[in-house]
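K.L.:
For the sequence shown, the numbering used here begins at 997 and goes up steadily by one.
Simulated from the structure, these hints should not be mistaken for laboratory data. All values reported here derive from a predicted model rather than from experimental measurement. Cβ atoms here follow ideal geometry from the backbone N, Cα and C, with glycine treated the same way. Please note that a few of the clues may not be correct.
To be verified - The calculated lysine-lysine pairs, modelled on BS3-like cross-linking and capped at a C-alpha distance of 30 angstroms, are:
hint : residue 1 : residue 2
1    : Lys-1238  : Lys-1380
2    : Lys-1329  : Lys-1380
3    : Lys-1243  : Lys-1329
4    : Lys-1268  : Lys-1329
5    : Lys-1369  : Lys-1165
6    : Lys-1369  : Lys-1268
7    : Lys-1243  : Lys-1377
8    : Lys-1268  : Lys-1288
9    : Lys-1191  : Lys-1377
10   : Lys-1377  : Lys-1238
11   : Lys-1268  : Lys-1243
12   : Lys-1191  : Lys-1243
13   : Lys-1238  : Lys-1268
14   : Lys-1165  : Lys-1329
15   : Lys-1288  : Lys-1238
16   : Lys-1329  : Lys-1377
17   : Lys-1288  : Lys-1243
18   : Lys-1191  : Lys-1165
19   : Lys-1329  : Lys-1369
20   : Lys-1288  : Lys-1329
21   : Lys-1288  : Lys-1191
Said to hold, decoys possible - Ranges of calculated distance between the beta carbons of each label pair, as one might list FRET restraints:
hint : residue 1 : residue 2 : range
22   : Leu-1254  : His-1172  : 33 to 41 angstroms
23   : Lys-1268  : Asp-1336  : 19 to 27 angstroms
24   : Asp-1336  : Thr-1209  : 38 to 46 angstroms
25   : Val-1277  : Thr-1180  : 32 to 40 angstroms
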Amino acid sequence: MDHNHVLEHSLHQLLRENHFKNINFPAPHPVTALVGLTKKRRLAGPNALSRKQLMHMSDRCKERIPMVRKRKHMKTKRQHIRSIVICHLKQRRKGLFAVRTQRIKKRVKLQVGQIVGLTINNIFMKKKNNKTNTLRPISSLRSFALGLILESQADTACDMEKDKSRELKLFDLQGHLHHTVSITKKGMFICMYNKQVVYTGINDVRMISDTDTVVTMFTTGDWETYGVTGTASGDLLVCLRKDDQSKVVRYSSTGTVLQEIQYDSQCQPLYKNAVYITENVNADIIVTDWEKDAVIAVDRLGIFRYSYSDVTGSTVTTDSVGHVIVTDFGGSKVHMLDRDGRFLRYIIPEGGINVPRSVCILGDGEMMVGECKTGIAKRIKYLKE
């Protein structure tokens, strides 16, 4: 019996012996002892855990996890162990690590439509100082604000081909609507740039001014615009597509082309359908390719660095330490990679994620993920402080 079967048999044996039957606990502590000891070991190979080690860990779980009242939102230790067994069975051939279940801090139910774009803005919203009666910028990401682009009708989930009017809505992180701007173009791709909301139309890039006026920044000719993101250098990176060609172009704020990224060192196309884009802290340019079902990264000069596959309809963002966060539209989960494209773990909140499309980082180890079909934004703690 190989190590994979030993692990499966051992975990199922623990369940049959009811080691965790009467142990309940509040999130975010599911299988802390178990996953904490196994997250740095592969579930297969010479370093796999033996049944004796697993039995020892179950005893440690009993000792460390306090007895608390059972609540509706809590899951038992037995249920979480099952989820790890299922995950291991699915990923056994790839030799991936165990998955740590994450806690959803808050579900924000939005008023209409499906979430197709999401960005965080803590700059242009202001609040009043009670003592001096003056306005000052909000300093905390926990206060304001969540900007989402929503379809105005909810009859067809995530159908971006029909010519529907759409709205850009500004929510706080408690789900309260503060502002709405109507947009008539595609509006699926948004970012913050120079304290303003920027989004792509069909063949142009547009900005929403302080007076809610939509201003065209520049046009892209015959090339259709997709993902857009601001960079640390103050430029804009835009994904473009024409016929069967796809590329990434760096623009200045006035629309001057500064760089084009389309081919690798062998003069082969890097992208087939570049859709979403972000810049990492090391200046890597990371793109999701919906035709290749992959995440493709190049360095600041456009030289290929890595590719991460097996993600469908994905979006991508990065955090302050260089983690690459990728939503998996088809797999209903979030992938977490390191800055070199190596898989770290899945981020799966309690209750799961229903068709995640949009994602952004809030800071303090938290992210916001928008479900395309349900119109729910889930605030998830994915890193310990």
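K.L.:
Evaluate each hint against the coordinates.
P.N.:
Results for each hint:
1. Lys-1238 to Lys-1380: With a Cα-Cα distance of about 43 angstroms, the restraint between Lys-1238 and Lys-1380 is violated, given a limit of 30 angstroms.
2. Lys-1329 to Lys-1380: holds (19 angstroms)
3. Lys-1243 to Lys-1329: holds (27 angstroms)
4. Lys-1268 to Lys-1329: Roughly 24 angstroms separates the two Cα atoms, so the pair holds.
5. Lys-1369 to Lys-1165: holds (17 angstroms)
6. Lys-1369 to Lys-1268: Holds, at about 26 angstroms.
7. Lys-1243 to Lys-1377: The given pair, whose Cα atoms are some 34 angstroms apart, is violated under the 30 angstroms limit.
8. Lys-1268 to Lys-1288: holds (7 angstroms)
9. Lys-1191 to Lys-1377: holds (26 angstroms)
10. Lys-1377 to Lys-1238: violated (39 angstroms)
11. Lys-1268 to Lys-1243: holds (8 angstroms)
12. Lys-1191 to Lys-1243: holds (26 angstroms)
13. Lys-1238 to Lys-1268: holds (10 angstroms)
14. Lys-1165 to Lys-1329: Distance of about 25 angstroms is within 30 angstroms: holds.
15. Lys-1288 to Lys-1238: holds (17 angstroms)
16. Lys-1329 to Lys-1377: holds (14 angstroms)
17. Lys-1288 to Lys-1243: Cα-Cα ~14 angstroms, so holds.
18. Lys-1191 to Lys-1165: With Cα atoms ~16 angstroms apart, Lys-1191 and Lys-1165 stay inside 30 angstroms; holds.
19. Lys-1329 to Lys-1369: Satisfied, since the Cα-Cα distance of roughly 14 angstroms is no more than 30 angstroms.
20. Lys-1288 to Lys-1329: Holds. Lys-1288 to Lys-1329 sits at ~18 angstroms (cutoff 30 angstroms).
21. Lys-1288 to Lys-1191: violated (33 angstroms)
22. Leu-1254 to His-1172: 33 to 41 angstroms: Since the Cβ atoms of Leu-1254 and His-1172 sit about 39 angstroms apart, the hinted range of 33 to 41 angstroms holds.
23. Lys-1268 to Asp-1336: 19 to 27 angstroms: holds (23 angstroms)
24. Asp-1336 to Thr-1209: 38 to 46 angstroms: About 42 angstroms separates the Cβ atoms of Asp-1336 and Thr-1209, which means 38 to 46 angstroms holds.
25. Val-1277 to Thr-1180: 32 to 40 angstroms: holds (35 angstroms)
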